[in-house]
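Student: Protein chains in written order, with our numbering: chain A, 1 to 368; chain B, 1 to 368; chain C, 1 to 414; chain D, 1 to 305; chain E, 1 to 296.
Keep in mind the hints are simulated off the structure, nothing from the lab.
Note that this is a predicted model, so its numbers are computed, not measured.
Errors might be hidden in some of the hints.
Straight-line Cα separation of at most 30 Å, DSSO-like style, residue types lysine-lysine; simulated pairs [said to hold, decoys possible]:
| hint | chain 1 | residue 1 | chain 2 | residue 2 |
| --- | --- | --- | --- | --- |
| 1 | D | K159 | B | K113 |
| 2 | C | K55 | C | K106 |
| 3 | C | K222 | C | K211 |
| 4 | A | K85 | E | K100 |
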Amino acid sequence: MNAIDMAIRAAAANITLNDVTKAYDTETVVIPPMDVELRAGEFTVVLGPSGCGKSTLLQMIAGLERVSGGKILIGGREVQNLEPKHRGCAMVFQNYALYPHMSVFDNIAYSLKVSGMAKAERIERVGAVAKMLGLADYLSRKPGQLSGGQRQRVAIGRAIVREPGVLLFDEPLSNLDAQLRHDMRVELAELHRRIGATTVFVTHDQVEAMTLADRILILNKGRIEQFDTPKAIYHRPASVFVAKFIGAPPMNILPVTGDGRVLRLADGQVAAEAPLTGAYQLGIRPEDILVSGQAEGRAVTSTLRFREDLGSHAILAAELGGSVVRIATPFGVDIPDHSQLSLNLPPARLHLFDAESGRAMPGVFSAH
Amino acid sequence: MNAIDMAIRAAAANITLNDVTKAYDTETVVIPPMDVELRAGEFTVVLGPSGCGKSTLLQMIAGLERVSGGKILIGGREVQNLEPKHRGCAMVFQNYALYPHMSVFDNIAYSLKVSGMAKAERIERVGAVAKMLGLADYLSRKPGQLSGGQRQRVAIGRAIVREPGVLLFDEPLSNLDAQLRHDMRVELAELHRRIGATTVFVTHDQVEAMTLADRILILNKGRIEQFDTPKAIYHRPASVFVAKFIGAPPMNILPVTGDGRVLRLADGQVAAEAPLTGAYQLGIRPEDILVSGQAEGRAVTSTLRFREDLGSHAILAAELGGSVVRIATPFGVDIPDHSQLSLNLPPARLHLFDAESGRAMPGVFSAH
Amino acid sequence: ANIEFWYGNTGVAETAIQAECAAFNSAQSAHHITCVGQGSYEVSMQKAIAAFRAKNHPVLIQFFDAGTLDLMLSDAVEPVEDVLPDVKWDNYIAGARAYYETSGGKLFAQPYNASTLLFYTNKTELEKAGVMKTPTTWEEIIAAAGKLKASGHACPFVTDGDTWRVLEQFSARHGLPIASKHNGYDGLDAEYVFNTTFVAKHLQNLVDWRKEGLVRLGTDTKAGNFTAAFNTGECAMMENSSGSYTASVKAFDGKYEMSVGMAPMYEGHERHNTFVGGASIYVMKGHSKAEIEGAKAFLDFVRDPKQQMSFTSATGYVPVTNDVMEAIAKSGEANPPKYATAAVGIDSMNQPRTPDTRGIRLGFYVQFRQVFMEETQKAFAGEQTMQVALDNAKKRGDELLRRFEQTYKGVTLR
Amino acid sequence: MIENARSLNIAASLILVAGIVYILGPLYLTLATASQSFEFMLRNGLAWYPGTALFSNMARVFAETHIPIQMVNSMLTAFSVAIFTCILSFLSAYAIVYFRIRWAGVAFALILATIMLPLDIRVITTYQVASNVFSPVNALLDVTGLNDLIANIFGAPVKLEWSVLNTHLGLVAPLVAHGTGTFLFRQFFLTLPKDLFKAARMDGAGPIRFLFDILLPLARTSFAALFVLTFLSGWTQYLWPLVAASTPDMQTAVVGLARLVPDADGAVPDFPMIMAATVIVSIIPLAMIALLQRYLVQGLVLTEK
Amino acid sequence: MTSESSLFNHRWLPFLLLAPLMLLIVLFFYVPVFQAFYWSFFLERPFGGGSMFVGWDNFARVLSDPEFWEAGWRTVIFMVTGSSLAVLIPLILAVAADRKIRLALPARNVLVWPKGVAGASIGVVFAFVFNPFVGILAPLNSAFPGIWAPGINGTDAFITLIAAHVWGGIPFNFVILLAGLQSIPRTMHQAAAMDGAGPWRRILDVQLPLIMPQLFLTLVLEFTESVTSAFALIDTITKGGPGGSTTLLVYKIYTDGFTGYDLSGASTQTAILMVFVVLLTSAQFLFLGRRVNYER
Ligand SMILES: Nc1ncnc2c1ncn2[C@@H]1O[C@H](COP(=O)(O)OP(=O)(O)OP(=O)(O)O)[C@@H](O)[C@H]1O
Ligand SMILES: Nc1ncnc2c1ncn2[C@@H]1O[C@H](COP(=O)(O)OP(=O)(O)OP(=O)(O)O)[C@@H](O)[C@H]1O
Ligand SMILES: O=P(O)(O)OC[C@H](O)CO
Ligand SMILES: [Mg+2]
Ligand SMILES: [Mg+2]
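One chain only, chain A, in its complex shape (with noise of 0.2 Å):
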């Protein structure tokens, strides 16, 4: 709305990796070649595990790191040899990594200083995203000043105050406290809504990879697992690793055995019927199991092992053919105390993945 919205929605550019791949020392590989495009104005959201190589990755992009190999294309232009700034990109760190002894003003203004914008301008160009961001009353203090909040916006207002094609993330949220966080969250949700830039955000939280992106990658051990909206990752996990990676409590996952006709527990019962044989890993989200009572179809019988009540609903863990499945009580059903639970799998609602290679099996059930 802006104007400082709209250079940068205009400068908006898409990123492309192609065959990227990253090795800190000749042993280990961190990135194996990834191929793979964020397209203009999206919102991508990297998830994995805590070394899987999303910073590394980021910081590749934002040329603080070198790439081993293989291309990275930003607005169509190839940058993996070029110097950080002049790639176009902005990073946001972190402990957002201000500058202490800086001003408010001076942390923002200070790309602008380095690459020689007159002092005049810099004014006007600080101004603007101090005003968007709701800083511009604290433009003399110093960080050490500001609360939480504040300080993420400075590091925004330091990132896009040059306009940048694309904006980079690591982690902003991680050190925040539970509510900070939400709000944080929020707020960057209606920036993104606002200015529209190409955004990576790397974190591990999967709250706020639901929440944010248009689309997630989910990284493990530096490979992409899946890349899709947040939707499709829940619904339509692409291995057990997102499966399990994703929804609290995750996904549960049974070994099965097919006879050709039906899908059989490790104790003999039966989960689902399919024309299969072979060994293979049953999913099912907790909340998807139905305590029976609420019966439709087939039905297996459990042990219940302890019961959390969270208030607003319960986690029930019981033992199925020698695993745990967890399973989510809806909002204000109560579940009687039994230690047999009987339970329904709701064919819709399973997922098949591979024994070995733990890869989707789509198809198989309807849902997919």
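Given the coordinates of chain A, work out where chains B, C, D and E with the ligands should sit on it, guided by the hints.
Tutor: Chains B, C, D and E with the ligands only, in chain A's frame:
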């Protein structure tokens, strides 16, 4: 089942606080006179915001902090003037506070050694505890060589080896990552089931409180807001404070005015029927609000602000009568992306609070 | 008794002192002396003061000439004449007596390693430059220096500008007062006057000669020290204490030939006596009878002509009692080099005496020596003229005297 | 980082080379000169390359100077300063941090103030006190008039005397009267989790047990750091040993070394021997640094906080 | 530390623990400090006995003595040049050693060595190394006689002192400053790189401002250090000369007191120097200290 369990179960003592007060300096009273009784063998969670006096309360029981007034009885014995070691309490600290230079064995055995127990007996006792906690293989390691979960077990071992009447925990899980936290919680619950010690557990995490406690003691600025079972706390919060403190997202609180017949929101819409006059606060949990189509009873109109899709369910934020209410949609129910929402507030799910004191007014709506 | 003796000398003299102590210890068994070197006269005196305040002091301490008045008023020493009333004290050479006795004629300390200022030349080098006659006056020295320089000699004459050499000994032999009241002998209210005497002219000459390359300061030399510069042959002439004679002889070691004579005069000035230099031994108060006995024994021992002779031959220090010259004559070794300094030194000290050449009796004089050095060094470095330097030194010196006077208010000079 | 910082890295390397040369240069020249003969030095001055006389020069240091016995003094002094500083600082920091005493702040301030005025500044009067450590007591008795009373009753006033000059105690004690160690330990104690203390109390440990069982083992690194630091500073002290010891046999090696250069003697200083002595005197602290550099660095860094 | 829970309650033990150090500190710190002030009002005789109260006379004498002011002025010059160099040079070295280059590791080790070499030892060495005739500058001197003459030229002597002082001051300051540099988070460099600042520019804009606390600490300590460390160097290199040009106050106090037996004057100067040092340190804390502490 083994000797240690039995001894602890036998030792379990009840704790009575009579008019206990605490002021660190003459100015600020941290705990105003408090009367409470914790039953032998019970698992009490003390829950409250930061700085409300949770640790202070715990430390007064432990004897690490002097009481400014009142009496503390443990197992019927007046202890407020005794040294910590004479109170029969043991404590597990936030970061476990293991002695980093001592082996696991020495850590656990230290209190026995101080008390002058013979070496042979010490070895036996520590052995029994270690076996019970699955630490038998790690006795010669230093704490630095243990995982987070093992460390907690050592801390617990150190606490229970003296067969204390009371086990005190001060936020022992707050520095763990989510996964480990969950596992430790489960372990703790099982341990308590097994040894049955009187336990006081301080936290400010409501999930921990809900899942571990026999009873939750909610503190607010040193005062007891409510002391009841998790279920009662969740479903019959005694005050706005408790209502807003428990639940994620927390209970929505809307200011309403009664005209003797109905309660109206700030924008004039009728929220509920009740023969009351004056200002009140109306509470309803996010999962209790029904979005139209699920209709039941009277409906109010609201404007959708944004939604966060968490996969298992979505959280809607909507504006209603000048306040933001959060609505948790049930599993699997898709709410269309309308900007106008028609909401039902089922009377049975409503909570009414005094506008000034914030105390609950039970009996107005049927559930109470 | 076991007694201790502190001294300040280093080098050849230190070796001789240690030898003397060893000789004493082996000569008798009643006493045992430990002789402790302190590194220099100044440090020795510092340590003595500190030790005395701490009641840690030895019974015998060697103090140098400059400390005389400080010690006389200190109430810390027992005059040797009181300790050893039976010694024939008038046997001590007049120059030494004049310096160390009270106005009442009582000897305060027993002169020990006495020296006086002598003139040294490297005959070999002088002759190489065509100077055949050893100079005896400054005019001759400068003429010789000119020749040396012309022949390419880098360092004709060397001095360190030390107060003792350039002020005290020069003033004495030229009959000039250093301070009023006969250098303080007549009262604590003396004032310095050297800045108005002929010594000012001499010092100015030294500055000029240095500029001309005829004179060098010790720091201008490769050796970094004027004695060493002479001893290594770097410099051809110097004026130095008789006490450094043996070291020089040893250093020359046949490489060069050396001459020693009385310190040079300016032409047209009548020669007076030079002051006794070096140091004397004091008996400190606060010790037991037995220790005093040991001290007495040691003092007697070192007074013995035989001891004096060996000390003189080992160092170049001058004998302190009149009978030693006879003993040397009798020994049949009267000729140089062994006792070269003895005759010329005593001769120099026995020149005609005036009330201004008895000695120096000025308070805080050790500190004054430093002040004088500091100021004249600035003049040599060209930071101020010599006259300004001397005026400053006088001013600062007078302040020291006034403070001394105030410090010892009520105490009278004996 | 991806950017090209070659120019900076080259500049940095050059600077480090210069720094290393600046540090090592004098040390090298020392060693080179120490290994040449006196005659070589007389002819050539400074030695740019090493010779063969190092051990004979060192042998002369041992034969002709007091350095060997002075090394023993240095060792004794430095070791005692280090050990006593460690112990006393540890105890005082323990009292200040872990006990409820109303004047803990005052005590700490009093101790810390000693950092501001080093011994070198107050050497004159410290010397005076060392010459009779009871002088304050005497003065107190005089000022309060107690001594008049005593004189009336017993016939003579009390005049206690005890000089620690020229003793090892006297060399060491004033160097221990310093607050750095207390400061260091206090900082260290403050970094320890408070819960550790509480845990120990719950386990029944009292002050002494806590000190020996918990604090002492945990403070080992700080101890090492402080020990190295104070040992080095004790070894390298100059002014205090210079004045506090009056006989060569009581002096420390550093003072003895400085005294090897004669004040006004006829001889050219025997620099090869002096440099050999320098090498000998510095070898112990240098070896210590080489071995314990890690602790030294920790010690220096800790003082920052 | 007001929390009761983290403190022992014990009546006499803390006294016992504090007593040894306190005793030493009172005896060898506070009594001497007091004594210095006390003596500055008396006239003391060198060998003791007959000390005389003279009121402010000593102060009047010292303060009207141009030598005192000159020594004071020289002390200030030494403090300013000596400590700025002794901070600046380690700073440059630390910035260089903070980089990931091959020399960084050996440099971090070697640069600490001087900590083990006594000031007096290094004084002896530097006196020799800078000897105008046999030292490293001898060739220069034979080409231009008299260009380097620390024995006669006060400035040259001063330079020698400073060179030795800086040499000995490197380890401490280097270690502190390097620690400061290394505690700067990597992301701070990265952020500046993203902002377009190259490595040279980052030194000025990021590294220097962020190690202000360490710089401040070294500067404060270096100031008091330079007042005192100078003694051993002066005594072994110049003995205060030539012409008193390297007589700093500490050395003057020592020579006045021990060589000149002027205990009163020396004490008076000590008292004045103490006040000066304390004022200076406090002033540094007040004016500089406030500015350099910011949260990260
Ligand atoms: N500079 C480096 N040198 C060598 N290995 C490195 C370096 N930086 C990262 N690594 C390794 O590369 C892998 C990926 O690291 P990266 O920081 O990208 O992980 P991440 O996904 O960001 O983890 P986190 O969630 O913990 O931040 C890790 O195994 C890590 O140890
Ligand atoms: N030693 C102390 N001296 C003075 N005030 C204190 C002390 N310890 C705690 N307080 C104050 O007492 C109040 C209660 O502190 P307490 O540590 O019991 O809170 P808490 O509920 O445990 O908080 P948290 O969840 O942050 O641990 C706080 O306001 C705190 O500032
Ligand atoms: O060098 P000395 O021993 O002759 O002494 C010279 C002067 O008298 C010292 O004051
Ligand atoms: Mg990362
Ligand atoms: Mg707490």
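Student: Against this structure, judge whether each hint is valid.
Tutor: Taking the hints in turn, this is what the structure says about them:
no. : hint            : in the structure
1   : D/K159 x B/K113 : violated, 52 Å
2   : C/K55 x C/K106  : holds, 26 Å
3   : C/K222 x C/K211 : holds, 17 Å
4   : A/K85 x E/K100  : holds, 22 Å
The earlier numbered hint that this structure contradicts is number 1, and it is the only one.
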